[in-house]
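J.: Put chain B on the given structure of chain A with help from the hints.
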Amino acid sequence: MKTYSHPEALVETAWLADHLQDPGIRIVESNEDVLLYDTGHIPGAVHIDWRADLNDPWIRDYISPDQFAALCRRNGISETTTCLFYGDKSNWWACYALWAFRLYGHDRVKILNGGRDKWMREGRPMVREKPSYAEVPYAVPTSRHDKEIRAFYDEVRAFLKTDGPLIDVRSPGEFTGELLHMPEYPQEGALRGGHIPGAKSVPWKTAVREDGTFKSADELARIYEEGCGLSADQEAIVYCRIGERSSHTWFVLSYLLGHKKVRNYDGSWTEWGNRVGAPIQRP
Amino acid sequence: MQNVDPALPPRLQEIINLFQNLPEEEKRELLIAYSDRSGECSPREGETFTLSDIRKDQECTDSVGVFLKTDSENRLLFRMSLGSHVQTLTRAMACILCQGLAGSTAEEVMAVPSGFVPKIVGTELVRQRSQTTYYILARMKSACRQLVAEQRRANLASSTP
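Residue numbers (our numbering), protein chains in the order written: chain A, 1 to 283; chain B, 284 to 444.
Don't read these hints as lab results, they were simulated from the structure. Where hints are given, some of them may not hold.
[Stated by the list, open to error] Under the rule of at most 25 Å between Cα atoms (straight-line distance), these lysine to any residue pairs were calculated in the SDA-like manner:
{"no.": "1", "chain 1": "B", "residue 1": "Lys402", "chain 2": "A", "residue 2": "Ala52"}
{"no.": "2", "chain 1": "B", "residue 1": "Lys402", "chain 2": "A", "residue 2": "Asp49"}
{"no.": "3", "chain 1": "B", "residue 1": "Lys339", "chain 2": "A", "residue 2": "Ala52"}
{"no.": "4", "chain 1": "B", "residue 1": "Lys402", "chain 2": "B", "residue 2": "Thr388"}
{"no.": "5", "chain 1": "A", "residue 1": "Lys130", "chain 2": "B", "residue 2": "Phe302"}
{"no.": "6", "chain 1": "A", "residue 1": "Lys147", "chain 2": "A", "residue 2": "Glu79"}
{"no.": "7", "chain 1": "A", "residue 1": "Lys130", "chain 2": "B", "residue 2": "Lys339"}
{"no.": "8", "chain 1": "A", "residue 1": "Lys215", "chain 2": "B", "residue 2": "Asp345"}
{"no.": "9", "chain 1": "A", "residue 1": "Lys130", "chain 2": "B", "residue 2": "Thr388"}
{"no.": "10", "chain 1": "B", "residue 1": "Lys310", "chain 2": "A", "residue 2": "Val127"}
[What the hints assert, rightly or not] If you anchor each label on the Cβ, the simulated ranges turn out as follows:
{"no.": "11", "chain 1": "B", "residue 1": "Arg294", "chain 2": "A", "residue 2": "Glu12", "range": "44 to 54 Å"}
{"no.": "12", "chain 1": "A", "residue 1": "Thr80", "chain 2": "B", "residue 2": "Ala290", "range": "29 to 39 Å"}
{"no.": "13", "chain 1": "A", "residue 1": "Gln281", "chain 2": "B", "residue 2": "Ala432", "range": "31 to 41 Å"}
Cβ coordinates follow ideal geometry from the N, Cα and C atoms, glycine included.
Isolated chain A, as found in the complex (with noise of 0.2 Å):
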């Protein structure tokens, strides 16, 4: 039986009740749902907003390496400091917001399998208390991860070339163009439907079980190995909409298969598929 790459990036949520007051952790809660956090959240947890916290409001991209230093020291975060993050929506965000410390080289991380709502259907505690965390200090990164896991528009048209696998983790009506949007989303919309020619769909959601959870090593080896002819050293890029449901994706196949050549292009469809002479493809 095959086991996770990396079993020290996922914990389980009986493992969390019994460390909340560990001082070497900080809990992170990272949602879609922008009130979610101040309606309850994990004890001790700090909220950290993908958009809000992470991105640049100026620029499509995420915040300065000294803007990621000041938002550490401010939730009392040091470079020592085990972030663990959970959320919403399966992890999306949580995974996000994982990989985006990765991006400065922030390591130790984790996620809690099954989430926010794993741990609210096991009636685990909830606490409306916002805690405040003494500054502590948080050198600058001197640099950005970007090269190793994050891929852009020209690397993917780059990497087209070389039939290298690209994993499109939308829903099945995305990716064959029918829809240009969610219909609950339609400021995130595309002018064409369709995927970035090759790309294999694999929806996100395939990589977990009913209750959020993932699925196991072998089972996951199964559907990207087996099922796409992904290995361990071999690159690959995974894209969605805008990142965050590649970010799952992208965490199941660097953290739990061990994947170490893996990047996500979280400019996604709302830039390949709006971007002029993007080649674009339907079944």
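T.: Structure of chain B alone, referenced to chain A:
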């Protein structure tokens, strides 16, 4: 001083006035309070409706049901069923609109301009992946359009010899 939009039903205008001058943090708290009370808008057991529209949009949300009934003067009462994963802002807006649009006619609801939403929600919260606040109003208008179309068909059928 409050801005009054004549296209807005008075009850909704009252709620907008309540929000409009609040600082951002207090807006958030009031929105959460409305969200906490969204269960009050659920259909009651045994209640019957003129129209029901329950949908689950793929991936992005849980199911949202819009139920409405009319009185003898064609005034509406809305109820909403919200799945457990519906966003907090959506819940809050569902509660606000069920209260604010109660007693309006279908035509009045269809004429409600959506520009009031940022006055309630605040500019910081209306952003990518939180615009479901508009979705609830759109669903309520859609239910009203269905209602009006059905009433027209029924009137036509009854007037045909």
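J.: Hints broken by the structure, by number, lowest first?
T.: Of the numbered hints, 3, 7, 9, 12 do not hold.
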